[in-house]
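Asker: Turn these sequences into a full structure, and let the hints steer you where they fit.
Spelled out, the chains give:
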Amino acid sequence: MDLGQHASFIWASYGALILVLLALGLWLVLDGRRYQRALKDFEERGIKRTSGSSPVGSTD
Amino acid sequence: MASHMTDSIQPEKRQSLTQKFANPTRFMALSGQVLPWSLIAAACLISYALYLVFFVAPDDYQQGQTVKIMYIHVPAAWLAMMAYGVVAVSSFGLLVFRHPLADVSAKAAVPIGAAFTLIALITGSLWGKPMWGTYWVWDARLTSVLMLFFLYLGLMTLRSSIEDELLASRLTAILALVGVILLPIIKFSVDWWNTLHQPSTGFTSSVHSSMRTPLLISAVGFTLLFFSMHLKAMRNEILRRRVKTLTLAEVDRQSRG
Amino acid sequence: MTAFFRLVVRDLELAFRDGGALGTALGFFLMVVAMMPLGLGPDLNLLSKLAPGILWIALLLSALLSLPRMFESDFDDGALEVIAMGPLPLELIVIAKATAHWLTTGLPLVLLAPVLGLLLNLDLASAPLLVTAMILGTPAISFLGAIGAALTLKAKRSGLLLALLVLPLYVPTLIFGISALTNQILNTGGAGSSLMILSAVSLFALVLGPIASAAALRAQMQ
Chain A
1 MDLGQHASFI
11 WASYGALILV
21 LLALGLWLVL
31 DGRRYQRALK
41 DFEERGIKRT
51 SGSSPVGSTD
Chain B
1001 MASHMTDSIQ
1011 PEKRQSLTQK
1021 FANPTRFMAL
1031 SGQVLPWSLI
1041 AAACLISYAL
1051 YLVFFVAPDD
1061 YQQGQTVKIM
1071 YIHVPAAWLA
1081 MMAYGVVAVS
1091 SFGLLVFRHP
1101 LADVSAKAAV
1111 PIGAAFTLIA
1121 LITGSLWGKP
1131 MWGTYWVWDA
1141 RLTSVLMLFF
1151 LYLGLMTLRS
1161 SIEDELLASR
1171 LTAILALVGV
1181 ILLPIIKFSV
1191 DWWNTLHQPS
1201 TGFTSSVHSS
1211 MRTPLLISAV
1221 GFTLLFFSMH
1231 LKAMRNEILR
1241 RRVKTLTLAE
1251 VDRQSRG
Chain C
2001 MTAFFRLVVR
2011 DLELAFRDGG
2021 ALGTALGFFL
2031 MVVAMMPLGL
2041 GPDLNLLSKL
2051 APGILWIALL
2061 LSALLSLPRM
2071 FESDFDDGAL
2081 EVIAMGPLPL
2091 ELIVIAKATA
2101 HWLTTGLPLV
2111 LLAPVLGLLL
2121 NLDLASAPLL
2131 VTAMILGTPA
2141 ISFLGAIGAA
2151 LTLKAKRSGL
2161 LLALLVLPLY
2171 VPTLIFGISA
2181 LTNQILNTGG
2191 AGSSLMILSA
2201 VSLFALVLGP
2211 IASAAALRAQ
2221 MQ
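Chains as they are written, first to last, in the working numbering: chain A, 1 to 60; chain B, 1001 to 1257; chain C, 2001 to 2222.
Incorrect hints may appear among the rest.
Claimed, not checked - Below 30 angstroms or equal to it, Euclidean Cα-Cα: the simulated DSBU-like pairs (lysine-lysine) are:
no., chain 1, residue 1, chain 2, residue 2
1, B, 1244, C, 2156
2, B, 1244, C, 2049
3, B, 1129, A, 40
4, C, 2049, B, 1129
5, C, 2154, B, 1244
6, B, 1129, B, 1187
What the hints contain is simulated information worked out from the structure, not anything from laboratory work.
Every value quoted in this text rests on a predicted model; they were computed, and no experiment measured them.
Answerer: So this is what it looks like as structure tokens:
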């Protein structure tokens, strides 16, 4: 799979793609986990989300 | 606050979809099911496209191997624009229809759109070096994608610099709509300006069919990837708001207790 | 309509009473233009080629400086709410404010531009065209700038943020403002068309600016 003389540019751009997507993916996953842990922590301390009422609505 | 922002018509099919999704809890349930599948589909399509690109597709007669960069540059540029479309439609939904999830969708789509714009700019300039000999050419397309990147930056910075979340979301929505109205004018003036200096070289040489299929597959794959990330970002945002509500409630209880 | 003119006159008076705002914009304009040859080198014919570009960019930046004050003073002391409750719709109030900004900042900068052009060896033959292009282009700066000013009223670091939001919106004005001169210099006679597109952009800003700024101000005053 010879990529010719401009191989470095091809690898650089695919590298950039992977880097940015990885950063984005990590941010999404870690962010999600952080909030899930916080929610679980609230759950353990017995503070239930008032079921039915959508908290998104309440903060608006 | 009926604002008179006139904008692209709200696509009807999407309307019923968004109404069905309106309730955040149902959205969380539905997106929870859809997310894994869309991620898997995106991964399959992208890897199949990459396989085609690296092992099957012929070299471009002019550019030789560097055409391989096109297979990620074109989808990234397309997604940068499409993401802004999602932001604009969501902002319109927030300002005009007060849709509860509109702001969540707009806020989630901006960073992802900015990331794809960044990929489009980086791969565009890396592709420019072998093709035009310089990393950055003030080509009309690259310049308008750069302007799009500034709009994304503006949206993110504006939202983060206003404490009151409700106000921040409304103002960001207004800026997004101003952007979507002005983007075509900016694109037109950049194209017009560029032809003053040098005719804007055709970005992709005539795309031969054997090269077009991998491009299509890659584009669909990345679009699916975008939607999966967008769904995930929206879920995060809803969780964040729930945590915020609970913390506020707790602080309130402690102060009273 | 008299309410509208009274508002514009009131803003003009306010601007002239504290002349500082205009002074800083003109001073900044002079500073930016004077710095350019230091950076680009004293070669006169290079400077004369770049003069229109330098003058336009310096003008954009100087006008940007005085944008935050368009609504801030009235917003902070609540005058904006009082005016908003008056007969004029918020959009007209924004038009009055932006026109006042254009008259108190845009025009003086435009009149100063050819004078500063001398520093850049701008050939005087193209000075009239430069001034016409700037007169046609600067309304877009004030009216699109009004959107930025309204959006960043309560924002932290609003000066920096305003520049980030508004400069991309100025791209069409800058491009057609400059092309009016490059055409004329290349005497392709195309100056007329760029001036027309330039005024079209300004007219568009005249419509979009007030609508978006009024929407932003309503959200702020909620």
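Asker: Holds or violated: are the alpha carbons of residue 1244 (chain B) and residue 2156 (chain C) at most 30 angstroms from each other?
Answerer: holds, 22 angstroms
Asker: Keeping to a limit of 30 angstroms between CA atoms, is the pair of residue 1129 (chain B) and residue 1187 (chain B) held or broken?
Answerer: holds, 23 angstroms
Asker: Hint check: residue 2049 (chain C) vs residue 1129 (chain B), CA-CA at most 30 angstroms. Holds or violated?
Answerer: Judged against 30 angstroms, a Cα distance of about 28 angstroms means the pair holds.
Asker: Given the hint that residue 1244 (chain B) pairs with residue 2049 (chain C), test it: the Cα-Cα distance must not exceed 30 angstroms.
Answerer: violated, 57 angstroms
Asker: Would the hint linking residue 1129 (chain B) and residue 40 (chain A) be met if the CA-CA limit is 30 angstroms?
Answerer: It is violated: about 51 angstroms lies between the C-alpha atoms, which goes past 30 angstroms.
Asker: Next pair to validate is residue 2154 (chain C) with residue 1244 (chain B); report whether the Cα-Cα distance is within 30 angstroms.
Answerer: Answer holds: residue 2154 (chain C) to residue 1244 (chain B) is near 22 angstroms, not above 30 angstroms.
Figure legend: structure checked against the earlier numbered hints; hints not met, in rising order: 2 and 3.
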